[in-house]
Amino acid sequence: MNALTASAAIATGRVRLANVRQQSLVEAKIRVLLVAALFLLAGIAAFVRIFQLGLSGNAPERRSLSEALLPPRGEITDRNGVPLARAFPAYALWFNPRALGQNGSPLVKTPEEVAAALMQIFPDADYNDLLRRLKSDKPGYLRQRVMPEEANRVFALGEPALEFPRENQRYYPQGSLGAHVLGYVDSEGKGHVGMEQVLEKQLLDPVQRARPVALSIDMRVQGALEDELGRGMLETDAKGAAGVILDVDTGEVVALASLPSFNPNRSDRALNELVFNKVTNQVYELGSTFKPLSVAAAIDAGVITDLAARYPADRPLEIGGFRIRDSHYLGASLNVPEALIHSSNIVTAQVADKLGGVALKRTMAALGMNERPFIELPARGFPLWPKGEWPRITTMTVSYGHGIAVTPLHLAAAYAAMVNGGVWRPATLFKVDPAKAPEGRRVFKASTSARMRQLLRMIVVDGTGKSANAPGFRVGGKTGSAEKPGGRGGYNRTSLVATFAAAFPMDKPRYVVIAMLDEPKGTAATSYQRTAAWNAAPIVGRVVPRIGPLLGVVPDDTRDIDISDLSPLVGKGEKP
Amino acid sequence: MIATVNRLRTVGWLVLLALCLGLVLVTAFRVNALRSQIHRAEARIVALKQERLYLETEFETRSNQQQLKTWNDVEFGYAAPGAGQYLEGERALAALSVPARPDAPAPIRVASVDDSVIASSAFPAMVSPLSGKPQSTESARIAAADEDRDEPVQERAKAVETLSDRLGKVVDARPGGPVRKPTGAKVGPAGSGDDGKGRAAAAPAEKKGKPSEVAASPKTKPEKGAAPAGKPAVAEKPAAKPAKTAAATRPAKPKEARVTL
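Chains A and B supply the protein sequences, listed in that same order. Residue numbers for the first sequence follow our numbering, so the first one is 1 and each next one is one higher. Residue numbers for the second sequence follow our numbering, so the first one is 1 and each next one is one higher.
Everything labelled a hint here was simulated from the structure, so no lab data went into it. Some hints here could point you the wrong way.
Said to hold, decoys possible - With the Cβ distance kept under 10 Å, some of the chain B side facing chain A (calculated, not the full set):
#1 THR27
#2 ALA28
#3 ALA43
#4 GLU60
#5 LEU68
#6 GLN85
#7 TYR86
#8 GLU90
To be verified - Chain A stretches covered by chain B per the calculated footprint, using a threshold of three residues with CB under 8 Å from any CB of chain B:
#9 81-88
#10 230-243
#11 256-263
Backbone N, C-alpha and C fix where the C-beta goes; we use that ideal spot for every residue, glycine too.
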């Protein structure tokens with residue numbers, strides 16, 4: 001019994017052990033299989049992923065630092081790196097009628113109250129327009145650009161329907177300063193008018209737009225020029241004013257102003273007649289400012305060999321029924337320095353007559369007066385240029401700036417050529433390395449240029465340009481007061497264009513300054529005079545001391561150009 | 001026994017595999033952590049740069065030319081500097097201490113003259129730092145006729161030596177010595193009788209004794225009193241030393257000074 005049970009027990013134990021062994025083996029095999037399958041799966045998954053990545057290249061998106069900081073539109077700076085135009089995430093004011101759900105009024109207060117509150121924040125807004133938008137059911141802009149503090153004040157109104165999305169817009173920190181140079185960008189992101197239009201492609205190019213574009217403009221100089229021009233315009237009650245400052249050696253435009261200006265930050269309002277650029281687009285008969293150019297042409301051609309030679313000036317010059325007269329009686333006879341100092345049309349016309357139309361036309365053409373001005377801006381006016389062979393009368397009138405109409409920029413480039421040693425260079429709005437200035441073309445001999453510098457200085461020391469004589473800056477220049485065409489087929493005696501074309505310092509000219517007033521009136525500030533000696537010349541006299549030190553021209557009372565050889569030719573005070 | 005070894009080996013491989021896997025995981029985690037840190041840092045840099053751009057733009061807007069002009073009109077009233085506020089260089093600075101003589105020509109240099117050569121050659125070779133006057137009588141004459149261009153033009157290399165060059169020697173040639181006495185004594189009367197600057201410089205000397213005494217008897221001058229006035233005069237030491245006598249000729253001096261530099 002015992003043995004039986006014992007053997008039975010052993011037998012069952014053995015069987016069980018065998019079973020356990022069998023089971024364990026199977027289990028182990030299954031586990032090995034499972035693990036192998038898992039590894040295989042993982043391997044396959046990894047390979048699949050590798051292939052997938054390798055094939056599609058769809059890596060998780062990561063923007064690099066440079067990409068994140070790349071502006072949507074390139075920045076424009078002045079020559080010193082001051083930003084003039086930049087892409088800027090500005091606030092807009094957006095009206096969202098669905099902000100408080102579908103039903104009910106979108107506003108907490110009445111639209112009238114909200115509109116009145118908005119009027120207090122934005123005084124220049126239109127109340128009725130605001131009210132109409134707030135009452136309408138459509139979402140839309142209430143204002144394209146809002147300053148942060150204005151946004152805070154609107155937020156304080158507690159209207160959830162008034163939202164402030166941040167949008168990338170074009171922003172001009174200097175406001176209306178240099179607006180004609182820069183232009184503006186419309187709501188579709190397209191550049192207009194100035195360099196925004198010219199540089200459109202470059203500013204939007206992903207490769208190039210990371211680097212700011214440096215213009216030749218100096219913002220401080222631009223500010224001074226616009227300020228003084230604006231003051232002169234107000235003082236004389238003029239219709240407009242224009243000014244340009246040009247580097248005589250490189251042709252860089254350091255400042256360019258056309259007043260009244262526009263605000264490029266309000267692109268919705270920028271499209272009006274004010275975007276018209278008076279410096280590069282409007283042509284004027286610039287009058288007596290042409291006289292030095294004609295005299296320079298005559299000296300250069302060897303027609304004037306003796307500056308002491310006198311020309312009759314006692315009666316108007318009659319040529320083919322046309323009378324050339326002076327503004328007032330200047331004397332029985334004048335020599336060339338006196339003619340420039342007192343601005344005599346009669347003598348200049350005689351000089352030009354001696355020179356001849358062919359030579360004068362050639363010089364004027366060499367100065368670029370027969371084509372659109374050289375500048376990058378899209379708006380460039382075509383001069384009124386007498387075509388064909390110039391008859392005597394045309395030669396004579398052109399010599400004192402009538403019968404030819406050019407832009408102030410033409411004049412600036414011509415004056416630069418006249419004082420810089422005689423080389424004409426195209427004007428540019430891009431910063432130029434002084435070592436890489438364009439070669440230009442020679443118009444006058446260096447000796448002629450030196451002589452003209454003396455004569456221009458004499459005009460400011462003794463002549464009509466006295467009020468431009470900024471102490472220490474050795475300014476030289478010429479006034480020009482031209483009657484505007486109009487009236488009965490002739491000239492309008494009451495509306496003038498007053499110009500002063502100057503360069504400084506005359507002992508080594510660096511910059512040309514042109515100031516022009518369109519239809520100045522005689523006011524108390526100008527002693528009731530309308531000519532350039534009273535309104536345009538003082539502008540230059542005030543601008544030069546402000547810009548000189550900024551441009552590296554230091555006032556110096558101990559320097560001047562030597563005019564001692566010409567001074568004896570001019571009768572000081574008494575009329576000849 | 002063999003099975004145990006085999007199993008041990010397998011377990012060892014597995015442990016090694018697990019260890020590697022663990023290390024890979026740890027490394028991967030670390031890499032990822034670092035990567036996200038970089039990403040965060042980059043995002044922060046971007047945010048800061050944008051904020052800076054924003055602030056810069058705001059600053060530019062608030063300080064734009066028109067705004068500055070308005071402020072200046074209302075608050076400050078600054079005007080553009082005039083010619084009197086500029087000095088062209090050491091020469092102009094030195095010229096301040098020399099009053100123009102009644103018969104002196106107008107100090108206007110005109111552009112038709114290459115004034116750099118004349119200006120530098122007309123400049124006396126050795127100037128007393130006390131009075132701004134040249135040392136010898138001959139150079140005094142030249143300094144007075146500063147603008148006259150008919151004096152003998154010196155050798156260019158010598159002439160262009162500027163005041164700053166010479167002042168630079170003060171530091172180099174400092175070894176103290178009794179040489180300052182003769183220069184101080186010689187310069188005293190010229191300085192005190194000259195102008196405001198000269199007087200101010202000579203003032204310490206006057207405290208101890210009368211200026212005339214100082215001039216008359218250099219030997220009696222106490223060292224202390226001469227010290228403040230004599231200190232800048234050390235510059236002249238290298239020049240004065242080889243010359244010994246006060247009446248040393250002028251052209252010889254800068255040559256000697258040049259050697260010491």
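Hint check:
Hint on THR27(B) is violated. Least Cβ distance to chain A is approximately 17 Å, over the 10 Å limit. Hint status for ALA28(B): violated, given a least beta-carbon distance of 13 Å to chain A, over 10 Å. Evaluation of the ALA43(B) hint against chain A yields a held restraint, the C-beta minimum of about 8 Å falling below 10 Å. Taken as an interface hint, GLU60(B) checks out: its beta carbon lies about 4 Å from the nearest beta carbon of chain A, inside 10 Å.
The restraint placing LEU68(B) at the interface with chain A holds, with a minimum CB-CB distance near 8 Å, inside the 10 Å limit. Contact between GLN85(B) and chain A, as hinted, is supported at the beta carbon level, the nearest pair being about 8 Å apart and thus within 10 Å. Because the closest C-beta pair between TYR86(B) and chain A is about 5 Å apart, less than 10 Å, the hint holds. At a threshold of 10 Å, the smallest CB-CB gap from GLU90(B) to chain A is about 15 Å, leaving the interface hint violated.
Only when three residues or more bring their CB closer than 8 Å to a CB of chain B does the claim for the stretch 81-88 of chain A stand; here the count is 4, and the claim holds. Requiring three or more residues with a Cβ within less than 8 Å of a Cβ of chain B, the coverage given for the stretch 230-243 of chain A is violated, as only 0 such residues are present. Under the rule that three or more residues need a Cβ within less than 8 Å of chain B, the assignment of the stretch 256-263 of chain A is violated, with 0 such residues.
When held up to the earlier numbered hints, the structure conflicts with 1, 2, 8, 10 and 11 and fits the remainder.
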